[in-house]
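S.K.: Order-wise, the sequence lines are chains E and V. In terms of this note's numbering, the first sequence is numbered consecutively and its last residue is 467. In terms of this note's numbering, the second sequence is numbered consecutively and its last residue is 280.
In case anyone wonders, no lab produced these hints; they're calculated from the structure. Take the hints with a grain of salt, since some may be wrong.
What the hints assert, rightly or not - The calculated label-pair distances, taken between Cβ atoms and stated as ranges, are:
#1 Ala348/E with Pro253/V: 45 to 53 Å
#2 Asn31/E with Glu86/V: 52 to 60 Å
#3 Asp49/V with Thr227/E: 48 to 56 Å
#4 Gln43/V with Val32/E: 41 to 49 Å
Claimed, not checked - In silico contact screen, one side only, chain E against chain V (beta carbon under 8 Å); selected entries:
#5 Thr200
#6 Ala202
#7 Asn240
#8 Thr242
We put the beta carbon where it would ideally sit given N, CA and C, even for glycine.
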Amino acid sequence: MRKDRYTILGSILLGCLFIIMVSCEREPTENVEFAEFPPNGDVFIDAFSAGLDFFPFVDAGADPMAFSVVTDEVFSGETAMRFDVPAFGNGFVGATFNTTAARNLTGFDALTFYARASQAASIDAIGFGISGETNNRFQVTLNGLGVSTRWEKYVIPIPDASKLIGETGLFWLAEGASFEGDEGGYSLFFDEVRFERLGTVAQPMPAIFDGQEVTEQTFTGSNLTVTGLTQTFNLASGDNLTVTAAPAYFDFFSSDLGVAIVSELGEISVVGEGTAQISAQLAGVAATGSLELVSGGGLLPAPTPTLPQANVSSIFSDAYTNATESNFTPGFGGSTTETTMTSANGDAVLSYANNNFTGILFENTVDGSDRTFLHVDVFVQDPGAQFEIQIRDVGANQMLETDVNTGLPSGDDRDFRFTVNGLTVGQWTSFDIPLNGDIANQKNNLGALILVGGPNFLLDNIYFFTE
Amino acid sequence: MNKEKLNRIGVIPALGLVVLLFIGCATEDTQTVVNFTTQITMQDEFDVDGAPNGNIWGFDIGTGENGWGNNELQYYTDREQNVKVENGVLVITAQREDFEGSAFTSARLLTQDRFEQAFGRFEARIRLPFGQGMWPAFWMLGADIDENPWPAAGEIDIMEYRGQDPNVLIGSVHGPGYSGGDAISKVFVLENDRFDTGFHVFGIEWGPDEVNFYVDDVLYNQITREDVTGPWVFDKPFFILMNLAVGGTFVGPPNAETVFPQSMLVDYVRVYENTNLNRN
């Protein structure tokens, strides 16, 4: 994406905001007319509309050559948009179409277009609101849109058009063969892409947490996120259509600000003991689904270890001197994990959020020849949370060596993998993991613990020990 | 009353009707929405909270025969959960509940033996529900139906609507030789709007030789003696019915997405007579 444009526009927007805030000092007269962005709903009618440009998702692996403007397959007029979806294993088509100057879309209720495919297909994701300068603040995504081989009209409703006073992300899509056998090697055509006021997009039925009433045990200092944000409309066809809507379309509420507060982006911070209900509205309509947070106040500390120091090679515990210092934020490529140190009544604990994979890398290897177990205490707040600990011996060369395709140890590395599950929400569970498997006979250069999945958990008292 | 309102595919092709309408407008001054001097003869503005006015409205209770002849799924009651006047509107509510062997309840009001009239202007301002299986109607039956069973008594459907077609109105007449699926019918599609998001006026203007159908300020159909494929039975008093059916042959059953409870809201019902015609 051409971020320089976004940055320039961003600073212009910031300037506007400043002016408006200053003018709030005095009441504007009735004659004041605030400047508005043009209410142009056209995206691609017979050519790129005013200021529109094409930004393929190249960083994510999209093929920038997969898009073209064609004249031989059109619904109406002279030209149409064409995307060539590659076969499985050859990447995907993905792009956003943004304008250099923002549009005022408040007068519309849907993005509409005509589409056909060279074979029946399901588009992975399609919508609008991808915008670098607002961090996709008003992104809308329709997943799994089925497209037939005939030109047909499709509708993607705007969750709340009153929010779209200055939008640049007018259209985006991502489609690829996501598995062997998924459709690929075909073409998608779009024409007459525009924002419209249909007047038949009605009966809004917003939801958070996918409409479920969720309860979570939590503690002061926890951070959670409102998930499962959708807006559903009934269309003229009589069908309900559900899109994923960005948090900024919603207004979030906490029933007790002394227990939890929630930001406009749906980020919940637990600030005290008690019970708070997190709910939401979208354009004044109550969303189905809620989160009841039961905060027990401060996090209870994990059980205090009782083994003598001599029996322990500690990685992370307030009870013992460390056997080695460690790197808790290795920053593996592709990792989404947020790792923070938090406190349970003064006892330091490690907090992992949104973990796909991360690790604890020992600065010096630990000779575990005399050790028989790895101890770890685990605390989770989400029912069903589970993750894997891979105990890695990095071998004589003392280097972490991993096959990037399989994630398996390579070279002289060996590991033992243990799934941490059967956890009870809201309390510490202790695990003593035997140093078995491939490290049973190679544990003199223990060098790392790799943590996979979760995605959210707390760890404390991580140490190798001898009974 | 066993009336078979089966699938009504007797829809005159739209193009033909547009032509008809244009010709009608061009040649007859009477084809305006208010086309005669009127005198109001019945009105209910639903301004008194509670049960509907018993001097005007009675109720059909139960499931009739074979779901009121249409395999409808609801049990009609006069309980306030199903029918009440509140905040200036009549609220007819369809509930999903087990009741007397039915899976849904709702209400059907009628003016039989209370208010009956031949000719004039009959209109109601209504907001409709939505969703698969919702079947609201504002309609009329010939007042002689007990002696002259349907379809001989005649039926005029001022408003019928399928919840799964939220911008489509259906207006029809039924009589001997043109009933059920063979009714004389026309659909009207509301452009850039729907019937479940606001109130709309549904009405007819009925004279000895024709019934004009309109919605809001749009006249969308005229049915005359020449249009019906049997005897013209619209020359005698009729009474009014309003109901919210659930399921039935005309709409199919509700699905998992159909919202319950849901209501049909009626702001008013007004009937006028043609002072030139009715008092001759």
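S.K.: Now tell me if each hint is right for this structure.
M.R.: Hints versus structure:
1. Ala348/E with Pro253/V: 45 to 53 Å: violated (60 Å)
2. Asn31/E with Glu86/V: 52 to 60 Å: Hint violated: Cβ distance 44 Å, outside 52 to 60 Å.
3. Asp49/V with Thr227/E: 48 to 56 Å: violated (43 Å)
4. Gln43/V with Val32/E: 41 to 49 Å: With Cβ atoms ~47 Å apart, the hint holds.
5. Thr200: holds (5 Å)
6. Ala202: Nearest chain V Cβ about 5 Å off; hint holds.
7. Asn240: holds (5 Å)
8. Thr242: violated (10 Å)
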